[in-house]
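Residue numbering for the sequence shown follows the numbering used here, starting at 10 and increasing by one per position.
For the record, the hints were derived by calculation from the structure and aren't laboratory data.
One or more hints might be untrue.
Said to hold, decoys possible - Below 27 Å or equal to it, Euclidean Cα-Cα: the simulated DSSO-like pairs (lysine-lysine) are: (1) Lys11 - Lys30; (2) Lys220 - Lys268; (3) Lys91 - Lys139; (4) Lys24 - Lys60; (5) Lys186 - Lys142; (6) Lys41 - Lys30; (7) Lys142 - Lys220; (8) Lys30 - Lys143; (9) Lys24 - Lys11.
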Amino acid sequence: MKYEINQNQCGFLMKHGRFIKMLFCGTYHYMKSLGYQVEMEEMEGAVQFAKVPKEILLENQEFAQRVLSVSIPEGHIGILQKKGVPQTCLTETEYLFWNVWKQYDVALLDMRKPEMEEMSKSCLVHIPLKYYKKIEVQPGEMGILYYNNQAVKELGAGTYYYWTYSKDVMGRIVDLKTRGLEITGQEILTADRIGVRINLTCTYRVVEPKKMIETIRNLENQIHVCVQLIIREYVGRYRLDELLEQKEEISGFIFERLKDAQGEYCVEFLNAGIKDIILPGEIRDIMNTVLVAERKAQANVITRREEVASTRSLLNTAKLMEENKTLYKLKEMECLERICAQVGNIQVTGGGALLEQLKGLLQ
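Kindly produce the complete structure, drawing on both the sequences and the hints.
Structural data, given as structure tokens:
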């Protein structure tokens, strides 16, 4: 049988299932009836021929000179590179690559220690995710690194990579930025058994991230409950009118109590206070009625005060005119001027007495 082998190919000559030798570019004739068989393969990438163990093939010098034999030790993986450029990740124990037209080399990566040595992104993209853990910490956050559920160290902002071969690796991220908590619609009974709804707000930030992770579950809910208990403790002492008068004192009390308790929650409270106190509808209507009545009473007092002041002023003016005739005359002239300013034309017929009176005013 005739076999044509191209320049980029090779042949494995077999006789009765045994490897005889390598065949390269050329034309060959072998008879199948005598037990000969030629397996051809392109000399590129991984060696595909698997009918003969690689140990036997490597004893052939022509084959051994044209391949790259790779052994991956336990706890390692390999990165196959072509002219220094990563091509693929090698995770099996043994590999054979043709090293004729494309020159390959292999970089071994040790996974026995969790800390991953710095490597390029082009290399990292070829490593399956099951072999390593990626931990990203954003600005304003802190990461806590755990090996086998034991805290190892704190991580600042950045991106970190760890091998998971020898240890279970976990990263817990804690937000250190200031947070706001709104507590709305808290229904509380005052000392005089009136139900009011109170809206509160507070701001805080985490200052002990490791302790918080290990001792507190659902931090925001626990702070929410803490503020509820504090406000109920305070509001239950006072009547409604007393409560409305000391809104600022309530805010100060809440903040002080939260400052006392902040160590238990691994946070620092920055401020806290009451936004609104919402009264029941019927109480609000009553208070509005009282307020309107108070304002009317105040308006009446002011009106009476102004009337008294006006009367007193008129009395003083009258006394001055009585004592000073010239002032009296000026006042008459002023009144006449006001009358004339309101009149366009004056027609008098047979009014001798009126003329005499006007004449008297002008003298």
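Hints that the structure is at odds with (numbers, increasing): 8
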